[in-house]
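With the sequences and hints as input, model every part of the structure.
Residue numbers (this note's numbering), protein chains in the order written: chain A, 1 to 295; chain B, 296 to 590.
FYI, nobody ran anything at the bench for these hints, they're computed from the structure. In this text, a Cβ means the ideal position worked out from N, Cα and C, and glycines have one as well. Be careful, since some hints might not be right.
[What the hints assert, rightly or not] Footprint (simulated), chain A over chain B, 3 or more residues, beta carbon under 8 Å:
no. : stretch
1   : 477 to 485
2   : 500 to 508
3   : 515 to 526
4   : 539 to 551
5   : 568 to 581
There are 2 protein chains.
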Amino acid sequence: MTETALFERIALIGIGLIGSSLARVIRAKGLARATAAYSRTAATRRRAAELGLVDQVIDDPAKAVAGADLVVIGVPVGASGEVAAAIAPGLAPGAIVTDVGSVKGAVIEAVRAALPEGVAFVPGHPIAGTEHSGPDAGFAELFEGRWCVLTPTADTDRRAVERVAALWRAAGSTVDLMSAEHHDTVLAITSHIPHLIAYNIVSTVADLEDRTKLEVIKYAAGGFRDFTRIAASDPVMWRDVFLNNRDAVLEMLATFNEDLARLQRAIRRNEGEVLEKIFTETRAIRRGVIEARQD
Amino acid sequence: MTETALFERIALIGIGLIGSSLARVIRAKGLARATAAYSRTAATRRRAAELGLVDQVIDDPAKAVAGADLVVIGVPVGASGEVAAAIAPGLAPGAIVTDVGSVKGAVIEAVRAALPEGVAFVPGHPIAGTEHSGPDAGFAELFEGRWCVLTPTADTDRRAVERVAALWRAAGSTVDLMSAEHHDTVLAITSHIPHLIAYNIVSTVADLEDRTKLEVIKYAAGGFRDFTRIAASDPVMWRDVFLNNRDAVLEMLATFNEDLARLQRAIRRNEGEVLEKIFTETRAIRRGVIEARQD
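Here you go:
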């Protein structure tokens, strides 16, 4: 075990954008003595092996986690419970299981029900990503300068939390702890609603007649292109996010709709001063994002 | 006049992001023998002079256009008519006036009413920009690889259209001709609605209580940050866009709202297959944008 190794053996269950980025960090920084990965999809397993992301690519989830002191679940959140049940028979006593899902409440419920006694579950969410998916899309710098939120419950082993936090810090992230409920509310605003809105506006264009659609694509540099990038994110991952964070998403969507009705009314009534005031206030938020170095 | 000069004297009325970028192109490529600029704001005039963007910065719009064979109006679209009236007394017979506004129907109406006989108005719109404003924000490469739409009417002088088109081609853009009405419909989708939605979601956050707002800023990398960038655009420019392209914006907003209601219903009813289908279709639009090199 090198000096920097934090774990004996890390098993990655799911080796997409996040899993493969983490694999690259672990390899580059020597954070584990050994690594293994499992993916449900044969093509993904093949590609992960070709890329040499881990020591072993294994086609059975329970075997993939054998001997691992850390297991990282990186699958669409709706599959978390099923995946936890599939790895459960192979988990070593004392192993730590963590995840990277964008929803925490529903994942905690599903995963904890499936894991055996003596295994610690540390729910986690690195706030990082791109619109690309799959093992080719990952890169070791993805987590640098970003936040990673861990949402332990009252009975989560504190040493396990600290060990998972150390992994994310080694990947370049700053770790924050909060409740799963609070995480899900904040992420509904910062991530889930923005994705829903982007999917919606791009979908509106997808339904236009062909000639207009081609023109919209042609002139996408006017603003639309940024939405197409966000709306190119993994469909299954995002389907699961919305279904598993339904209450917070629908609540925030109601506020979004009220606010949009206010803008719509101001446009219809020719109320320039209302529009200018709102458009000026939003600049302060942008300054905040730049100052927080999250731009 | 150098070999590449297309005009004797170009006067820029408004020297913000677009005007100052064009000034930099004109200077870098020697597209005019002489240049002048006017801005309503003293601080902007001072800054344009400090940056050496043009040969002369002039504090009177009518004097600024004296002797110019091309005048480029680059102001918020709501000010177009007023600015046209202010330059009218100084315009040389045979001068060409063009603009860069994001709305064409309302601008044509306002500008043509104010211009004297013997002056050609070529309505234009370079589909390029950033979220920054003012003379410091411009750069000579802004128009490279982008589209510039010109929307001449039946009685617009064709030689004048060709001379304005030549300027934009020299700046690196490809020129497209279409009707003002069609432009305003397409831009409502590609640019105006995306900006309205971005302003709206950032405004929703601006209204949150302080603690949550700070957290949203902190975790902006989840998707929200892209919206804050778009919503940092010039407030007066965008106020004017919405008020001057009201019908097309409200019509497209109605479609957006219908589509959003469909997503909302699918989430509420747990209809995963509906969400996945929509989120998959949007990827094709992204591929189109990338293939069109407008990403």
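Now the hints, each set against the structure:
1. With a cut-off of 8 Å between beta carbons, the stretch 477 to 485 of chain B has 5 residues touching chain A; three or more are needed, and the interface restraint holds.
2. A count of 6 residues in the stretch 500 to 508 of chain B with a Cβ less than 8 Å from any Cβ of chain A is obtained; the coverage claim is therefore met, three being the minimum.
3. With 12 residues having a Cβ less than 8 Å from any Cβ of chain A, the stretch 515 to 526 of chain B passes the three-residue criterion, so the hint holds.
4. Only residues whose beta carbon comes within less than 8 Å of a beta carbon in chain A count, and the stretch 539 to 551 of chain B has 7; three or more means the coverage holds.
5. A count of 11 residues in the stretch 568 to 581 of chain B with a Cβ less than 8 Å from any Cβ of chain A is obtained; the coverage claim is therefore met, three being the minimum.
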